[in-house]
Amino acid sequence: MKKSMLLLLIATATIWLLSLVIKPLRGHVYVKDNVSYTPKDGLSKAIASLNKYGDAKPYHLEKIQHVRIVGGQGNTMVSFNQGDSATLRLSNNKGNISFSPTIEKDTLILAITEDEFHQVEISLGDLGLQSITLDGVTGTCYLPQQLVNNAWVGVLNITNASNVTLWKPSRAETTFYPTLNLEIKGKSLLEAEQIRIQNLNVKMNNGMFKFEPKNACDTLRADLQGLSNIKVGNYPTQSGVKVLELTGNLDYYNSKRPK
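Be aware that the sequence shown starts at 178, since it is given in the working numbering, and climbs by one per residue.
Quick caveat, the hints were computed from the structure, so don't treat them as lab data.
Quick list of in silico lysine to any residue cross-link-like pairs, SDA-like style, CA-CA up to 20 Å: (1) K408 - T396; (2) K234 - R266; (3) K408 - K433; (4) K408 - A393; (5) K408 - E422; (6) K345 - Q296; (7) K419 - R398; (8) K234 - L267; (9) K387 - G403; (10) K282 - Q242; (11) K380 - Q402; (12) K271 - S256; (13) K362 - G313; (14) K362 - T315; (15) K240 - G260; (16) K380 - G313; (17) K387 - K408; (18) K282 - D312; (19) K271 - A233; (20) K387 - T424; (21) K433 - E389; (22) K380 - N426; (23) K362 - N426; (24) K240 - G331; (25) K387 - N431; (26) K240 - G302; (27) K362 - G425.
Taking the hints into account, I'd like the entire structure generated from these sequences.
Right, dumping it as structure tokens:
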């Protein structure tokens, strides 16, 4: 075998072995806090040094009151946490992503165009946000683990044929949120999973809301317009809702109720 051919085979084998070692290290970078975004451990530091995603910084939301997330073709997970400052971070299965949102006055618009999984992590400051809009989003939305001064979001809007599941944090077994305001419209579906809340206010226009008995609510008020429907189990005997108040156009709702 010629020396040049042998060197070529050795080089090819070396590149292949390196790809086996490096590829498993591609993943999420865990950080110490949501301000400095310093890698938390040795593995996270190694991942950050191996690819461009580790250097992506969050977007600060000091002057932002409204956030609109426009979904792409893939699934999107939106989560919230409490931090010293308000920030928004975007990531995919490879790690953090640099992004340039559109800013319209006090509104941040984040358009996700790729057909792959994305996570949007919003760190809330002491005052929270006035609104979060999920526009054409398919995926999940996690409530914050805990609330500081009850600061979260004034209104959570689900619109433009979104299909979203609203979850509680995995460790918030006893968390009972005081108030949640929802708007569901444009042929969108919102389904709650194991949510515990005192007052739930819902405005609907051509939307569907599922709040089955696995959830718990003291008072649920819903205004239904257009072809809107709400499912709360067999109220009041088999339902997680103590008080249900419905207003608006109830013809479509009544036509869909189990006989």
